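J.: Residues per chain, in single letters:
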Amino acid sequence: MSAETMSCAKALNAAMRVALTSDPATFLAGEDIAVYGGAFGVTEGLLADFGAERVRDTPISEDAIVGMAVGAAITGMRPLIEMQFADFVVNAMDPLVNQAAKLHFMYGGNVTVPLVLRLPGGGGTGAAQQHSQSLEAWFAHVPGLKVVAPSTPQDAHDLLLAAVNDPDPVVFVEHKLLYREEGPVTVRAALADVDGGLPGTAVRREGADLTIVAYSLTARKAEEAAEALAEDGIDATVLDLRSLRPLDLGPVIDAVTRTGRLLVAHEAPGPVGIGAEVVAGVVGSRAFDHLLSPPVRVTGGGTPMPYAPALERANIPQVEDIVAAARRLMAEDD
Amino acid sequence: MARLDPKTPAGARDALRTMWTIRRFEEALEDLYSRGMLHGTNHLSIGQEAVAVGACGALEDGDLITSTHRGHGHSIAHGGDPMRMMAELLGRTDGYCRGRGGSMHIADVASGNLGANGIVAGSMTIAVGAALSMRMQGTDAVVVCFFGDGAANEGSFHEALNMAGVWDLPVLFLCENNQYGMSMAQDASTAGGSVAARGAAYGIEGVEVDGNDLDAVFTAVQAEVARIRAGGGPGLVEAITYRYRGHSKSDRNLYRTLDEIEEWRTERDPVDRFEAAAVDSGRLTVDEVDEVREEARAAIRDAVGRAVRSPEPDVSDLVDAAYAQVPEHGR
Ligand SMILES: Cc1ncc(C[n+]2csc(CCOP(=O)(O)OP(=O)(O)O)c2C)c(N)n1
Ligand SMILES: [Mg+2]
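Protein chains in written order, with our numbering: chain A, 1 to 334; chain B, 1 to 331.
Just so you know, not all the hints are guaranteed correct.
Listed next, with one range per pair, are the computed distances between beta-carbon atoms [what the hints assert, rightly or not]:
#1 Asn253(B) to Ala189(A): 32 to 40 Å
#2 Glu312(B) to Asp94(A): 20 to 28 Å
#3 Asp49(A) to Gly231(B): 20 to 28 Å
#4 Arg256(B) to Ala3(A): 38 to 46 Å
Just so you know, the hints here were simulated from the structure itself, not pulled from any lab data.
A quick note: this is a predicted structure, and the numbers were derived from the prediction, not measured.
Using N, Cα and C, we set each Cβ at its ideal position, and we do this for glycine too.
The following block holds chain A by itself, in its conformation from the complex:
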């Protein structure tokens, strides 16, 4: 099938359509996903085409929504759940962390928990502290959960289908500002078209001078930063992690071995974050001997997300922050 231009929101919507069409065990549930079409319009139109039995509006009961999904998943269904905002998953931590993540191991491998939990997160919308968080590192910390975070419409589409196919609980990290970002998407005909398991790190750009590693919206910013750096004659490799657990470090180690410099960027807070894990993985690998300067991180979240526009902007890594950090990194060993 040929590619068409669509937004991430549309690409996700198309993936849900594929899942609902090709597997009768799939169903959607979440707050305001049916009649309203989702707070961000991602599930628009699905109620009309698949009906209220499979596209379910729920009460405002996050604990029950995710717990219900666990129960359905271990008894033959494939629930695809939307948290209205990633922040509300906090109300569902028990079913996610103590139940979904544990059951396969705890019951001796006798059960699988094929559920997908979509988390619209991130800042930049003026929604302040309780509607702007990037919580992915929490979930990447939990054995038993898989965590993915697409940055392009095609990846949004394919990763969601791969997540639905996956036998384990997948936390699907979405950045709200990506929803309207457009790109070419080849819509898959059926779930079976993406049967290779969850993909790992993607190479977005190759360059000899430094390696920039990011994911989700920040991966797009990293690509923009690389373009700006190219104008200064700095040639960056940009890697998009896509999967945060498991973390696919092979391509990162390869790239740093070539470039000798590593910059990791993400919107989530720095301390105990994905960036720390990436840096530790690289420093502990054969790439260590090739490092020309200490790896750096560009992260957000010094405080809870502020409301005032200037403060909010300052709390989120911007393209110019990545560019500036890259320039400093290049200057260090000149």
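With chain A held as given, fit chain B with the ligands onto it using these hints.
T.: Just chain B with the ligands now, kept in the frame of chain A:
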């Protein structure tokens, strides 16, 4: 003594002015938003003013409230300064939260407003703790916990009512049932249908009241607050009301009819009804009603005028701001 007794002429005047102040405040927000001067989103309580004003009017100084994402009315009714609220929404330094919190997080703890909350039902267990705290500190203060019909389906609702029930705490859970939780009609979201009836499971006798009748809200809340203050244990009031505007800025009202909205606006508007009742009962004259409307309009015009001149915060404001105390080694 209640802060504002709408049964008296002076109280009626205050109550009406406060309702108009809330409505004008939120209309001003809509205007600023449409002119691109506000970012983020906001949740308007236009049509629900009688609940906030009737309930807060029945409180005494020292009593506390907790609020919701739809909290502008609660804040104003509890004595909040519209200028500082507007400055908060504009993200300015004179805002109640120095521009850090915005619409969903306006709080004035010093005056007993423990805060609006972006998390549905997020304040319900906090209200329980505040009530315990008031009692442990030997006060006779009562905490009024505003929450929505949708919030009654969160686990926190049930945990809060249960704990308040077994500990006999001085808290009044006040449900603003505007019939919808975002797009979910109450009958589709709420088993058993009634929030008030859920009190029975926790030994709390729920009271249902017409939330668009300011006198009725005041009377019901005043009675409950007096009972609670006297040590009678927690209460639950369900005030039936209606939200005219969309849930937030992105709402296309796909889940209800325009006729339904129009019917509530024209037949059951709480401000219209209170004006008519106050005039009919001789508490206010028609001229006084006009004066009050003008006072509210002028107050909001003044508040907006001053708020837009408040400075924007500097990014240096974020340094160490997440903590009350940062140890040397953490700098
Ligand atoms: C824990 C949590 N879940 C979901 C939301 C998103 N949300 C915000 S308000 C709202 C509807 C709340 O309905 P209700 O309690 O009836 O209050 P109303 O908006 O009608 O005033 C929803 C779903 C949220 N803010 N917090
Ligand atoms: Mg409601």
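J.: Indicate, hint by hint, whether the structure satisfies it.
T.: A quick look at each hint next to the structure:
1. Asn253(B) to Ala189(A): 32 to 40 Å: holds (36 Å)
2. Glu312(B) to Asp94(A): 20 to 28 Å: violated (41 Å)
3. Asp49(A) to Gly231(B): 20 to 28 Å: violated (57 Å)
4. Arg256(B) to Ala3(A): 38 to 46 Å: Because 39 Å falls inside the window, the suggested range holds.
The structure shown violates the earlier hints numbered 2 and 3.
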